[in-house]
Each structure stands twice: as structure tokens, then as C-alpha cells.
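Read off the chains here:
Number of protein chains: 4
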Amino acid sequence: MKIGFIGLGRMGAAMARNLLRAHHEVAVYNRSRDKAEALAAEGAHVAASPADACRDTEAVFTMLADDHAVEQVVFGAEGIAAALAPDAIHVSCSTISTALARRLTAEHSSREQGYLSSPVFGRPEAAESKKLLVLPAGPAGMVDRCRPLFDVIGRQTFVVGPDPWQANAVKLCGNFMIASMLETFSEAFATLRKAEVAAQSFLEIMTALFGSPVYANYGALIANRNFDDAGFALRLGLKDVRLVLAVAEECAAPMPLASVIRDQFLAAMAHGQADLDWSSISQVSARAAALQP
Amino acid sequence: MKIGFIGLGRMGAAMARNLLRAHHEVAVYNRSRDKAEALAAEGAHVAASPADACRDTEAVFTMLADDHAVEQVVFGAEGIAAALAPDAIHVSCSTISTALARRLTAEHSSREQGYLSSPVFGRPEAAESKKLLVLPAGPAGMVDRCRPLFDVIGRQTFVVGPDPWQANAVKLCGNFMIASMLETFSEAFATLRKAEVAAQSFLEIMTALFGSPVYANYGALIANRNFDDAGFALRLGLKDVRLVLAVAEECAAPMPLASVIRDQFLAAMAHGQADLDWSSISQVSARAAALQP
Amino acid sequence: MKIGFIGLGRMGAAMARNLLRAHHEVAVYNRSRDKAEALAAEGAHVAASPADACRDTEAVFTMLADDHAVEQVVFGAEGIAAALAPDAIHVSCSTISTALARRLTAEHSSREQGYLSSPVFGRPEAAESKKLLVLPAGPAGMVDRCRPLFDVIGRQTFVVGPDPWQANAVKLCGNFMIASMLETFSEAFATLRKAEVAAQSFLEIMTALFGSPVYANYGALIANRNFDDAGFALRLGLKDVRLVLAVAEECAAPMPLASVIRDQFLAAMAHGQADLDWSSISQVSARAAALQP
Amino acid sequence: MKIGFIGLGRMGAAMARNLLRAHHEVAVYNRSRDKAEALAAEGAHVAASPADACRDTEAVFTMLADDHAVEQVVFGAEGIAAALAPDAIHVSCSTISTALARRLTAEHSSREQGYLSSPVFGRPEAAESKKLLVLPAGPAGMVDRCRPLFDVIGRQTFVVGPDPWQANAVKLCGNFMIASMLETFSEAFATLRKAEVAAQSFLEIMTALFGSPVYANYGALIANRNFDDAGFALRLGLKDVRLVLAVAEECAAPMPLASVIRDQFLAAMAHGQADLDWSSISQVSARAAALQP
Chain U
12 MKIGFIGLGR
22 MGAAMARNLL
32 RAHHEVAVYN
42 RSRDKAEALA
52 AEGAHVAASP
62 ADACRDTEAV
72 FTMLADDHAV
82 EQVVFGAEGI
92 AAALAPDAIH
102 VSCSTISTAL
112 ARRLTAEHSS
122 REQGYLSSPV
132 FGRPEAAESK
142 KLLVLPAGPA
152 GMVDRCRPLF
162 DVIGRQTFVV
172 GPDPWQANAV
182 KLCGNFMIAS
192 MLETFSEAFA
202 TLRKAEVAAQ
212 SFLEIMTALF
222 GSPVYANYGA
232 LIANRNFDDA
242 GFALRLGLKD
252 VRLVLAVAEE
262 CAAPMPLASV
272 IRDQFLAAMA
282 HGQADLDWSS
292 ISQVSARAAA
302 LQP
Chain L
12 MKIGFIGLGR
22 MGAAMARNLL
32 RAHHEVAVYN
42 RSRDKAEALA
52 AEGAHVAASP
62 ADACRDTEAV
72 FTMLADDHAV
82 EQVVFGAEGI
92 AAALAPDAIH
102 VSCSTISTAL
112 ARRLTAEHSS
122 REQGYLSSPV
132 FGRPEAAESK
142 KLLVLPAGPA
152 GMVDRCRPLF
162 DVIGRQTFVV
172 GPDPWQANAV
182 KLCGNFMIAS
192 MLETFSEAFA
202 TLRKAEVAAQ
212 SFLEIMTALF
222 GSPVYANYGA
232 LIANRNFDDA
242 GFALRLGLKD
252 VRLVLAVAEE
262 CAAPMPLASV
272 IRDQFLAAMA
282 HGQADLDWSS
292 ISQVSARAAA
302 LQP
Chain V
12 MKIGFIGLGR
22 MGAAMARNLL
32 RAHHEVAVYN
42 RSRDKAEALA
52 AEGAHVAASP
62 ADACRDTEAV
72 FTMLADDHAV
82 EQVVFGAEGI
92 AAALAPDAIH
102 VSCSTISTAL
112 ARRLTAEHSS
122 REQGYLSSPV
132 FGRPEAAESK
142 KLLVLPAGPA
152 GMVDRCRPLF
162 DVIGRQTFVV
172 GPDPWQANAV
182 KLCGNFMIAS
192 MLETFSEAFA
202 TLRKAEVAAQ
212 SFLEIMTALF
222 GSPVYANYGA
232 LIANRNFDDA
242 GFALRLGLKD
252 VRLVLAVAEE
262 CAAPMPLASV
272 IRDQFLAAMA
282 HGQADLDWSS
292 ISQVSARAAA
302 LQP
Chain B
12 MKIGFIGLGR
22 MGAAMARNLL
32 RAHHEVAVYN
42 RSRDKAEALA
52 AEGAHVAASP
62 ADACRDTEAV
72 FTMLADDHAV
82 EQVVFGAEGI
92 AAALAPDAIH
102 VSCSTISTAL
112 ARRLTAEHSS
122 REQGYLSSPV
132 FGRPEAAESK
142 KLLVLPAGPA
152 GMVDRCRPLF
162 DVIGRQTFVV
172 GPDPWQANAV
182 KLCGNFMIAS
192 MLETFSEAFA
202 TLRKAEVAAQ
212 SFLEIMTALF
222 GSPVYANYGA
232 LIANRNFDDA
242 GFALRLGLKD
252 VRLVLAVAEE
262 CAAPMPLASV
272 IRDQFLAAMA
282 HGQADLDWSS
292 ISQVSARAAA
302 LQP
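Chains as they are written, first to last, in the numbering used here: chain U, 12 to 304; chain L, 12 to 304; chain V, 12 to 304; chain B, 12 to 304.
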């Protein structure tokens with residue numbers, strides 16, 4: 012297939028590379044052009060604008076930081092909305108708000124273009140090794156057309172439902188599940204540190220109890236207070252908790268744990284942790300307990 | 012070794028049976044005698060009282076429901092405290108308060124008896140198949156003497172620290188980790204139900220994301236709203252959250268998620284869920300969102 | 012002075028009337044024209060549009076429901092922004108977001124128009140009897156020019172600071188103070204109802220303890236479960252809590268009580284209470300305790 | 012009447028003095044005898060023990076710090092329980108748990124003695140000027156017998172109900188109402204400090220809005236960060252929030268704001284604020300927002 016790919020951060024670059032390796036024809040665009048050119052050696056066409064990346068494609072992927080970036084790329088000058096062919100599909104993999112997903116659905120539809128939300132779970136290493144979980148939602152026919160593409164970027168594809176925004180709701184709830192695990196670990200570690208239990212000891216027991224690599228990896232980050240190499244920056248974690256609370260408000264479903272987590276992220280922001288890994292939320296519980304963070 | 016075992020609920024009976032199978036000499040006691048007699052066929056000596064179960068033993072295990080039951084068995088008439096030989100060890104596996112653990116430490120010590128807290132993680136099936144996680148804490152010499160016993164009831168032993176109450180703190184924090192996962196799932200499922208995402212779909216994605224049997228099993232209970240067969244009754248879950256909050260207070264370490272969870276358990280109690288499985292905490296989020304629980 | 016007044020709900024109509032009674036020349040505009048015409052008998056000029064209400068005025072007041080309504084009136088067709096004379100002042104009394112207040116400040120400034128945020132405290136009866144608290148913020152010179160107008164609509168004027176959005180932050184924090192009192196009352200009443208203490212008894216004691224008419228009035232609404240005559244609709248209360256949480260996020264200052272209150276308002280929304288008085292938040296605590304709401 | 016009075020802290024001494032001034036015959040007891048002797052000049056008989064203070068009295072008041080102190084004075088050596096005459100009444104004014112109130116009810120009843128819970132609202136100055144609010148609960152006949160005594164220590168008497176513990180529940184809920192106001196103020200002040208609004212300005216507006224001396228006084232303590240002269244120590248505030256949460260648990264009524272407040276008090280304890288005024292809870296919000304507390 013002939014496709015476009017916009018947004019070549021660590022996640023996007025890895026996904027685009029896997030599409031290239033599966034012999035798809037890929038036009039790539041990134042705001043800072045050097046990231047696009049790095050993919051030229053692997054066969055990518057370097058596009059000059061989002062619109063250029065859409066030319067003659069059946070599908071264009073976007074993998075961007077937030078709502079604002081997606082709005083720029085879709086509705087801005089030389090944007091996707093004006094350039095994408097009728098029947099071609101915009102596949103949005105970014106973690107964006109359900110509100111923007113609904114707006115994209117409506118705007119593309121009014122132009123007779125297709126739209127799928129297809130967020131993914133996985134850190135950059137998972138993207139590189141084709142181990143993402145891919146969560147498309149949208150009309151079944153569109154999902155079927157894109158399934159071969161999903162298969163080469165992830166290890167498993169879960170079709171969430173007929174409305175694109177449902178996939179964004181699931182992605183946000185999933186990130187809330189992880190954030191809640193981080194905060195839970197944080198509170199337990201702080202209490203046990205004051206009880207003079209070794210962090211390593213609690214980590215081993217929880218790893219054995221839950222049998223989950225997610226617990227093992229994040230638990231180790233917190234136990235070792237190793238936050239500088241941000242796999243996922245705390246300010247993005249705050250953004251996602253804000254967005255899941257927006258879903259909760261749309262649905263009129265209270266999420267009290269999510270509310271607590273938001274407040275902890277705010278305290279972390281106040282203490283200058285915006286660019287640390289989001290597991291550094293543990294410093295908030297430590298400080299509240301008068302421990303050295 | 013010659014040992015006593017007091018408290019033959021599903022957990023205790025399975026543990027005592029594994030001690031018998033490892034060719035230890037075990038005197039068993041249970042308040043309702045029939046549960047003790049069920050073990051006689053497997054070689055147990057049926058004791059007439061806690062004191063009787065202590066006679067000539069090197070160690071006596073207790074596996075009871077709560078602080079009150081332990082206090083009765085230790086300090087009541089025909090109790091352990093008055094009967095245990097000097098140097099023999101009381102191994103308390105129950106999920107009790109850190110305050111009681113400290114009192115047991117002091118009282119046994121004043122009688123020149125040994126005391127270990129050794130709580131366990133695992134549901135009854137895990138106890139039967141020797142797959143418990145065993146968490147002893149106390150003086151190293153005592154832990155070493157009991158290690159062969161721990162090895163035949165669990166799959167792994169984690170020595171928590173030199174003070175027995177530390178193991179109780181870890182056990183309570185571990186149960187808080189599970190309770191928090193339950194509440195997190197509950198909030199996400201409620202929101203997604205209002206977003207018309209199939210519960211099964213979210214469950215599969217979270218199972219793939221966390222790769223944890225604990226998430227798979229409890230997530231399925233909540234997704235299927237299957238709460239009548241209580242593996243762990245909600246009122247016991249409330250007790251454990253109350254106890255972890257007591258640890259938080261002793262240590263002066265705020266645990267805001269634990270506080271939210273306690274409130275959700277209270278709402279569940281108000282709605283008559285005391286004897287349902289603790290995963291039925293999900294009905295609280297459902298009700299708050301005006302969903303059919 | 013010659014002034015315009017836009018937004019003639021119960022609050023706005025009362026304020027406009029008091030300006031007329033103080034012999035100011037007032038052009039009034041309301042989306043549904045009948046409310047404007049009701050003021051014609053008292054000497055108001057009925058304007059055909061927001062722009063028309065600005066014609067030749069020194070100041071134009073807006074008293075509208077929310078951000079959206081203000082944006083329409085200012086930036087929409089026949090809006091204030093395009094019509095207000097240089098040096099004339101837009102006095103925004105609505106309870107809006109700090110973000111919109113900053114945008115209004117910038118937009119009016121770029122047109123050489125003045126802008127003040129001047130939210131008010133008080134229910135409609137207070138507006139009628141000139142007993143509002145008026146909270147202007149903005150450049151001191153503009154505040155001084157408008158002070159005679161503030162004096163005829165309120166009993167006291169508090170100048171909050173040099174930046175208009177500061178007044179909005181104060182107004183939102185004040186509404187949070189009231190909302191928190193409502194939720195606190197709600198929890199206490201629910202617990203005491205289960206303790207079989209008469210609501211009236213607790214209400215009298217709290218009225219004597221706090222000596223506050225706000226406690227007396229809202230406490231009585233909750234004690235008597237009298238929510239149909241909405242002095243302030245619950246959905247507007249939710250809006251204001253959402254906005255104060257947005258301020259908290261801008262300032263990176265966690266507000267955990269506000270977060271809890273937001274969740275309680277969401278539960279109320281889920282149960283169809285959007286148009287009841289916001290004191291009906293008490294039904295949420297009642298339901299959680301399995302009481303008849 | 013001939014009465015005893017046990018517990019002569021600032022509150023108790025003022026109450027005993029007002030009973031003396033109303034020409035009652037009062038035997039006083041305090042653990043440190045000097046406080047009792049200070050009242051001898053005003054006509055009090057100095058008792059040598061709680062039992063001695065009960066001799067030939069119709070009623071004995073206790074005004075003590077907590078459950079433990081009351082238990083000592085009632086059930087300890089030379090305690091009230093053993094000494095009080097049949098039909099004489101123990102009037103407990105201390106802020107104690109509902110559980111202890113129920114135990115006192117049962118124990119006194121089994122000895123044919125009377126028991127009333129009669130907690131009070133008011134700071135020491137209010138006690139001195141007979142301006143307390145007095146909240147008796149218990150059998151109507153006993154309340155009637157003691158009413159003349161209540162009338163000389165307070166400005167108003169509110170009969171709460173037929174069961175003594177109900178008055179303790181009301182007192183704890185009232186303290187929760189105040190604690191919640193403190194935390195609400197704390198969050199608003201922290202946010203507004205980051206918004207560069209003067210604390211004094213917000214304080215004046217809230218004083219005008221609520222029209223309550225309680226808001227004026229506590230608001231000023233927080234605005235001026237004046238916590239060293241503890242009218243009510245933070246550790247006692249924590250005790251009372253813990254006790255109201257215990258009532259919530261007995262009644263199965265969630266109190267999420269109370270839970271948040273407990274966590275904030277714990278953070279304050281961790282930072283060494285146990286003996287500061289409880290309004291210093293505001294330092295917790297300040298620290299979380301990275302402000303200088």
C-alpha cells in the first residue's frame with residue numbers, strides 16, 4: 012500500500028520503519044526534517060508538508076504529541092484535511108482527547124475522507140520490535156482495510172468499537188491504569204520506607220505477586236529513584252490524566268482515583284518534575300511523608 | 012519438627028496439610044473441631060485447645076481471621092502465651108495489625124518465647140499447591156530455624172526485616188496494591204461501560220498490557236460481575252484497608268488512594284456487600300455513574 | 012454615565028435596574044428580547060445587538076452564563092469587540108475561566124479598549140437589593156472610572172489586583188468555598204441520619220456554631236431536601252468547580268477537596284440532577300450511604 | 012447541687028469556675044494538683060482522687076483530653092465507676108469516640124449509675140465567658156436534672172437525642188465541619204498565593220461572604236501564618252478526624268472529604284506540626300504547591 016506517516020518521534024519513527032520493512036511505500040513528514048531524512052536510507056519518501064505526505068496515499072498515519080499538534084497537522088496550512096483523497100483514511104495513533112477524535116470524525120466525513128482512531132500501547136522499544144498493542148476503532152470496513160498495516164506495527168490488534176473516539180477512551184483508561192499503579196506503588200514505598208523495609212524487598216515481593224513486567228519495570232524505577240531518563244515525561248502523564256477526567260465528565264462517571272492522581276501530578280509539576288519520568292510521581296508521596304525525595 | 016497449627020480455614024488447612032506431607036509432626040486445633048478431625052486421617056494430632064496444640068512443639072503456627080481471633084487464641088483461656096515452651100516460636104501467618112504484632116513480640120519475649128510474623132500471599136488454591144509467597148520478619152536466628160517449614164508451604168520466601176511487624180506492614184501494603192487495582196479497574200470499567208465499550212474488550216487489552224494473572228483473574232470477575240463466590244470477602248478487604256491506613260498513621264505517611272478505597276468499601280458495606288467478593292467494589296463506581304450494578 | 016448592559020437573567024436584570032435607578036443612561040441587550048423590553052419601562056434603551064448596546068458608551072457590562080456565551084457576545088457577529096469605542100471599558104461580571112479573562116484582556120487591549128473582570132457574589136435577591144459583593148480587577152485607572160457604577164450595584168467593592176483574571180480566580184475560589192461547605196454538610200448529614208440524629212438538630216447547632224447566614228440558608232436546603240427551586244443549578248456548580256480546578260492546574264497548586272467535589276457533582280449529573288439546586292449534591296452522599304435520597 | 016469536676020485544663024477550669032459562681036458545691040480533681048488548688052480560693056473542695064471527687068455528689072463532670080484519659084479516670088484505681096453513687100450521673104464533656112461513649116453507657120448502667128455525653132463547642136475564652144454550646148444526649152430525665160448545670164456553663168443547650176453516643180457523633184461532625192473549612196481555606200489560599208492575590212484581600216471577601224466569626228478568625232490565622240499559639244493542637248485535630256471516620260465506618264457512610272483531611276493532617280504530622288494550631292494544616296497545601304510554608 013501507499014501510505015503517509017506524519018510525526019517521527021521515537022514511537023513514530025519505529026512504526027514507520029516497520030511499515031517500510033513490510034514493503035509498503037511510505038512518505039514521511041516531520042516538523043524537523045532531519046528525522047524524516049533518517050528514514051530515506053530505508054526507502055522512505057521525504058515529504059515537504061503534511062499535504063505532500065498525503066499525495067496519492069490510501070492511508071495517512073499521525074503519531075503526534077497532543078491535541079494541539081494534531082490540529083495543526085490536520086487543519087493548519089498544508090494540512091491533511093485539505094489534501095487527503097476521498098476514501099483515503101486518516102489513521103490517528105496519537106493519545107488525544109475524545110473530543111478531538113469526534114471532531115476529526117466529523118470533519119473527515121464531511122470531506123468524504125475516512126477516519127480511524129488507532130492508539131497504541133507500548134514504549135519505544137516495543138514499537139521498534141513490533142510488539143505494540145494496536146487499538147483501532149471506527150467503521151468495520153475501514154478497520155479491515157488497515158488491518159495489514161496494524162499487523163506489521165504491533166503484536167496484537169484489538170478492535171474497540173464502531174466509533175473512533177471509543178479507542179481514545181480505552182487508551183486513556185489504560186494510561187490511567189498505569190498511572191494508578193505508579194501512585195499506588197508510590198504510597199506503599201513511602202510508607203514502607205518509614206517502616207524501614209528495604210524498597211528492593213517490597214519490589215521483589217510485588218513482582219512475584221503480580222507476575223507483571225509492567226510492575227517489575229516501573230517498580231524498579233521507583234525503588235531506585237531513577238527518573239532522569241524519561242521514557243514518558245510527567246507532563247504528558249498529567250495531560251493524559253486530565254483527558255481521562257474529561258472522558259469521565261462526558262460520560263458522567265466519577266473517577267476518584269484519577270482525581271487524586273491528577274493532584275499528585277500537579278504537586279510534581281510545582282516541584283519542577285515536568286520533564287522527569289512520570290514514575291517520579293513517587294516523589295510527591297515521599298515529600299508528603301517528609302522523606303528525602 | 013514437632014509443630015502446632017491453629018486455625019484451619021481454607022488457607023490454614025491447606026498449609027497444615029503441606030506440613031504433614033513433608034513429614035512434620037503436627038498438632039492441629041480449630042474452634043470448630045470438625046475441621047481439625049478432617050486432618051487426623053492425614054496424620055495430624057487433634058488438639059483440645061490452643062495450649063494443647065503447643066505441647067512439646069518447637070513452633071506453633073496461627074492462621075486466623077483477624078486481630079480479635081489472634082488475641083483470643085494467644086491470651087485467652089488455654090491460650091498459647093501461657094503454654095508455649097521457652098525458646099519455642101509462635102509463627103503468626105494471619106493478616107493482623109502492626110500494633111498487635113508489636114504486642115505479640117513484646118509479650119512472647121517477656122516469656123522467653125520466640126515470635127515471628129510470617130504473613131502469606133495467595134488464595135486458597137495457591138495454599139493447596141504450595142505456591143504461597145511467605146514473608147517472615149523477626150530475628151534472623153528464628154527465621155533460619157523456621158525456614159524449612161516455610162519452604163514446604165510456599166513457592167518463595169522473602170525475609171522482610173528484623174522486626175516482626177514489618178512483615179505485617181508489607182502484607183497490608185500488598186493487599187492495598189491489589190485493592191487499588193480493583194478500584195482502578197472499577198472506575199475504568201464504569202466509564203467505558205457508559206462509552207459503550209465492551210467490558211470483555213477492555214479486559215483483553217489490559218491483560219495483554221499488564222501480562223499479569225492477577226489482572227486477568229480479578230478483571231474477569233469484574234467484567235463478568237461475578238461476586239457471589241467470595242474468594243476474599245469484602246468486609247475483610249475493608250479490614251485490611253483500615254489496617255494499612257493505621258500503618259500510614261503510625262508512620263505519618265499519607266496514603267490518599269487508600270483513603271479513597273476505604274470510602275468505596277464503606278459504600279459497598281452500606282449496600283449489603285459485606286460477604287460478596289471484594290472485587291464487587293466495582294458496583295460502587297457503577298452505582299455512582301447511575302449504571303445498573 | 013452612558014453604559015451598555017448585556018445579559019438580563021435574574022442577576023443581570025437586577026444589576027441593570029440598579030444602574031438605571033442611579034440615573035445612569037443604560038442600553039440593554041438580551042438574546043431573548045422580552046427581558047430587555049421589561050426594562051424599557053424603567054428607562055432603558057433596548058439595543059438590537061451587543062454592538063448596538065456599545066454605541067457611544069463609556070462602559071459595557073456583560074453578565075452571562077459561561078465562557079461560550081461571553082465569547083459569542085464579544086467575538087460573534089455584531090459583537091462587542093468590533094463595536095466598543097477606544098478607551099471604553101468592557102466590564103465582565105460573568106463567572107468565566109481565567110483563560111478567557113486573559114484572552115479578553117489581550118484582545119481588548121489590542122483594540123485600545125479597556126477590560127475589567129468584575130465578578131460578583133450574591134444570589135439574585137442580593138442583586139435586587141444592591142447587596143452584592145463586587146470584585147473588580149484590572150488597571151487601577153479603569154477601576155477608579157467604574158467605581159461609581161460598582162457602588163450602585165453592590166454593598167461593598169473589593170479591588171483584587173492589577174490583572175483582570177485574578178478576580179476570576181478569586182470568584183472561582185469563593186464558589187469552591189461554598190461548594191466545599193455544601194459537600195461537608197452533605198457528608199455530616201448523611202452520617203448523622205444513619206446515627207438517627209435529627210437533621211434539624213444538627214442544623215441548629217451548626218448555625219449557632221458558625222453564626223453564618225450562608226450556613227443557615229444552605230444547611231436548611233439540605234436538611235429539608237428542598238432542591239427543586241434552583242437558586243443556582245448544579246450543572247453551573249460543576250462548571251465552576253471545573254474552572255477552579257483549571258486555575259489550580261495553571262498555578263500548579265493541588266486542590267484535593269475540589270477534586271472530590273467535582274466527582275460528587277459528576278455522580279449527581281449521572282443521576283439527573285443537572286437542573287436541581289447545587290445543594291442537592293447532598294443526595295450523592297445519601298445514596299452512597301444507602302439512604303433514601 | 013453538689014457536684015464533682017475532673018479535668019482542669021483551660022476548658023475544664025473555666026467550666027468549673029462558672030459552676031462555682033452559680034453557687035454549686037464543687038469538688039475538683041486534676042492529675043497535677045496545682046490546677047485544682049487554684050480553684051480552692053474560689054470555693055472549690057480539692058479532691059485527692061477521682062473517687063474522692065465523686066463522694067456524695069449528684070453529678071460528676073469529666074473534661075479530659077481523649078479516650079485514654081477518660082478510661083483511666085473512670086476505670087482506673089480510685090476511679091469514678093467504683094465510687095459514684097447509684098442514681099448519680101457521670102456527665103462526660105470530653106471529645107471522645109462513640110465507642111467509648113457506648114461503653115460508658117453500659118458500664119454505668121450496670122452499676123445503676125447515670126451517664127450523659129455532653130460535649131461542648133467553644134474555645135477556652137468562650138468557656139470563661141459562659142458562651143459554650145452544650146450538647147447533651149441521653150435519657151430525658153437525666154438531661155432535665157442536669158439542665159441547670161448546663162445553663163451556667165453555656166449560652167445555649169441543644170438536646171441531641173436519647174443515646175449518649177449521638178452527642179459525640181454530633182460533636183465529631185461539628186469538628187469535621189471546622190476542619191473542612193480549614194482545609195478549604197488552605198487550598199484556596201495556596202492557589203491564590205500563586206496567582207499573586209493578596210491573602211488579606213481574599214480573607215476580607217470571604218469574611219464578607221460568609222459573615223461568620225469562625226471564618227474571620229481562622230481565616231486570619233491562615234492568612235497571617237500564625238500557628239505557634241495553638242488554641243487547638245493539630246494532633247488533637249487529627250484525633251478528631253480519625254474519630255469521625257470511625258463514626259462513618261460504624262454507620263457505613265462514606266465521608267470522602269474527611270478522608271482527604273486526615274491525609275493532610277498526616278502530612279502535617281510528618282513535618283513536625285503536632286503541637287502547632289490545627290489551622291497550620293494550610294502549610295500542607297502550601298508545600299504541595301512548592302510555596303514557602
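No lab work stands behind these hints, which were simulated from the structure alone.
Among the hints, a few may not be true.
As the list claims (entries may be wrong) - Now the stretches of chain L that chain V is said to cover, found in silico as 3 or more residues with beta-carbon under 8 Å:
| id | stretch |
| --- | --- |
| 1 | 130-140 |
| 2 | 294-300 |
Claimed, not checked - Capping the alpha-carbon separation at 27 Å, the derived lysine-lysine pairs in DSSO-like fashion look like this:
| id | chain 1 | residue 1 | chain 2 | residue 2 |
| --- | --- | --- | --- | --- |
| 3 | L | Lys-250 | U | Lys-205 |
| 4 | B | Lys-46 | B | Lys-205 |
| 5 | V | Lys-250 | L | Lys-205 |
| 6 | U | Lys-46 | U | Lys-13 |
| 7 | B | Lys-250 | V | Lys-205 |
| 8 | B | Lys-250 | U | Lys-205 |
| 9 | V | Lys-205 | U | Lys-250 |
| 10 | B | Lys-142 | U | Lys-250 |
| 11 | B | Lys-205 | V | Lys-250 |
Note that CB positions come from ideal geometry on N, CA and C, so glycine has one too.
Against the 27 Å threshold, does the CA-CA distance of B:Lys-250 and U:Lys-205 hold or violate the hint? 21 Å, holds
Given the hinted pair L:Lys-250 and U:Lys-205, is their Cα-Cα distance within 27 Å? It holds: about 22 Å lies between the C-alpha atoms, which stays within 27 Å.
Compare the distance between the alpha carbons of B:Lys-250 and V:Lys-205 with 27 Å, and conclude whether the hinted pair is satisfied. The hint holds at about 22 Å.
Take a quick look at whether B:Lys-46 and B:Lys-205 sit within 27 Å of each other, Cα to Cα. 47 Å, violated
Within 27 Å, alpha carbon to alpha carbon, are B:Lys-142 and U:Lys-250? 52 Å, violated
Quick one: see if chain V covers the stretch 294-300 of chain L, three-plus residues with Cβ-Cβ under 8 Å. holds (count 4)
Quickly compare the C-alpha distance for V:Lys-250 and L:Lys-205 to 27 Å and report which way the hint goes. 21 Å, holds
Hint check: B:Lys-205 vs V:Lys-250, CA-CA at most 27 Å. Holds or violated? Given that 27 Å is the threshold and the Cα spacing comes to 22 Å, the pair holds.
Annotated coverage of the stretch 130-140 of chain L by chain V, confirmed only when three residues or more have a Cβ within 8 Å: As far as the stretch 130-140 of chain L goes, the hint is violated, because 0 residues have Cβ atoms under 8 Å from chain V.
Are the Cα positions of V:Lys-205 and U:Lys-250 separated by 27 Å at most? Status violated; Cα separation ~40 Å.
27 Å limit on alpha-carbon distance, applied to hinted pair U:Lys-46 and U:Lys-13: 20 Å, holds
Of the numbered hints listed earlier, those contradicted by the structure are 1, 4, 9, 10.
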